[in-house]
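K.L.:
These protein sequence lines are chains A and B, in that order.
Under the working numbering, think of the first position of the first sequence as -4, with each following residue one higher.
Under the working numbering, think of the first position of the second sequence as 70, with each following residue one higher.
None of these hints come from the bench; they were simulated from the model.
Do not take every clue at face value.
One side only, chain B facing chain A, incomplete, derived with CB under 7 Å [said to hold, decoys possible]:
1. A142
2. K185
3. T215
4. Y220
5. G222
6. L288
Even glycine gets a Cβ: it sits at the ideal position worked out from N, Cα and C.
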Amino acid sequence: MKPIYVILVVGVFMLFLAMERVQEEKTGYRVASLMEDISFKSARNQYLRYSLGTYKSPDKITSAAQELGLSVTDPRNIVVIKVNGDDFKNKN
Amino acid sequence: MTLKTRIKICGLLCFLPAIVLCLRLFYLQTFRRSELTTKAEKRVYVQTQRDTIRGRILDVNGVVLAESLRTYAVALSKKNVNKKDAILAALADTLSLHQDDLKTLWDTKGNFFYVKKGVTPMEYEELEKRTSKEELTGVEIEPEYTRIYPYDGIAHDIIGATNSKNEGLSGIELMYNKELSEITKSQRVKRARKGGIIYDRSQDFTPEIADVYLTIDALGQYYAESTLKQYAEKYKVKHAMAIVQDPYNGHILAAASYPVQDGMSLPFQFTYEPGSTFKTISISAALDSGNTDMNATFNMENNNWVLNNVVIKDHERTKDVLTLSEVMEVSSNIGAGKIAYAMGAKTLYSYLKKYGFGIKSNVDFLGESSGILRDYTTWRPLDTAKAGYGYTVAVTGVQLVNAYSAVANGGTLMQAHLVDKIRYANGEEKVFADPIKVRRVITPKTDDEMRYMLQNVVIKGTGLPAQIKGYTVAGKTGTTEKYVGGGKYGSSHIASFCGFVPAIKPRFTILVVLDQPEQALFGTASARIFSEIAKKFLTLYGVPPDQENYAS
């Protein structure tokens, strides 16, 4: 094989390696951006869940219930429903 | 000049730059290698931030009590700010701050200063958009974690606190810091444009943090805390605590303190002389050891029993002679003192040890106190008598409630549990709260007799306010004069009530303690709080009534 062809093959191979390297960096950058995006969105979702959770806190529900004139029932109102011989305790 | 010479000179001129270049490269790579490598490293690579991630703390039903939220710290680097007024306006708008305050900060602080910490992801997003749109520079944003409590800080005293580095400082957060947290390594990553980084596989990371589940029931804890707070404020007490336990498995369902302080849980740390609530312990010991029986009677000595030249009195004079049950019902110090004295220090001490007094209950709470129980060989006869009605010994709430649970469950001391389990990231679980029988303390016969007497205390004795319509209740009041040191007792009191409900097949053992109420209170005030908390728990757990027309 003539040296010129050897140089050409090596040159093409080197070019391929260089392009692959560039592509790898580009993909790495995109992956890193996406991971950051996921991380940010997870944090935002967690914060939204937290905000939602605070509305479910017993203190807030109790305050809202009291404004509506509701209160925790007397335990004597508990009804025990028997299904197939088993006791199913039903909280009123 | 010959042609050959000319060619040589041209060849030399052509090679000269290459030679110079080679020499320069040699110089750079040999003599300035470390300096230039560092420079290149700084331009190409960046070190990621060392971070601490932290697991969650949940209640027994999986309700999240504490978790870490990714937030941001926003700072300004004055020298990098391109448009001062626009930056301050953007920060004020997006972070809900006053522009005047920001201007003051700008004028008074140095080049770098924090504008706001704990910035939410939404605020961060708004700020990013605004700075990018208006091409503002100089804003530095650092990621951080903020510990959040979705249920408004329920059980905050048990959970404890963390610092801004996400490290546990007190309570469960500190005790299980190793399981809850993981420090992520600082990594060398390739820098990209606009402050981004270029991903490679070495950055893949699966955290191995665990979640800690408590035996606490969040809703029950809320009821205990809110009821305790309501009455503590009403009676203007210095401290108060309430603790609810399942007598059959030792699980602590609620442990409330007033006032609430991070990592300072009174039911596990506050020690006090239990007073008359301790009569249950001493009288059960006397019954079980055969030193007294249900038919025994006790002369009340005209409410003036002298022992070692010290007069022991009851709160009020009742009858001349009391039966054993009546000693409990009217809470007679003379009766309980005589019983303890007759039983002897050694026997009483051995039962106190069997009930778990004088040693830590190992309830998984850092800083738990062991109480005070001196060796019986140092007791004077008067000390033995006083121990019978709850003086000369100091207990913690968890010790007393655990001892009452032994009476409630038929006579077996159970291991108290505060931590249910730890769930690791790989799904494995380490369960802590399996029921563990520590030892049998009293026989079933003694237990039945104690249950009968404790019910009588609530039906016709000092524990009347503990009654709950539809349910049998057993318990004992306690009022203690506070020890002020030097062998003297002051005018302030500790009012308490400990009992279990339903009395026949108990579901909950509850202790309520009020420390130094402003007005003179006795165990009856605590009994009222006991009743309120018990009602909430009976409803919450759907415990059906066990008594028709029990109380009027």
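K.L.:
Are the hints correct? Go through all of them and say.
P.N.:
Here's how the hints hold up against the structure:
no. : hint : in the structure
1   : A142 : 14 Å, violated
2   : K185 : 16 Å, violated
3   : T215 : 10 Å, violated
4   : Y220 : 5 Å, holds
5   : G222 : 9 Å, violated
6   : L288 : 6 Å, holds
Hints 1, 2, 3 and 5 from the list above are not met by this structure, while the remaining hints are.
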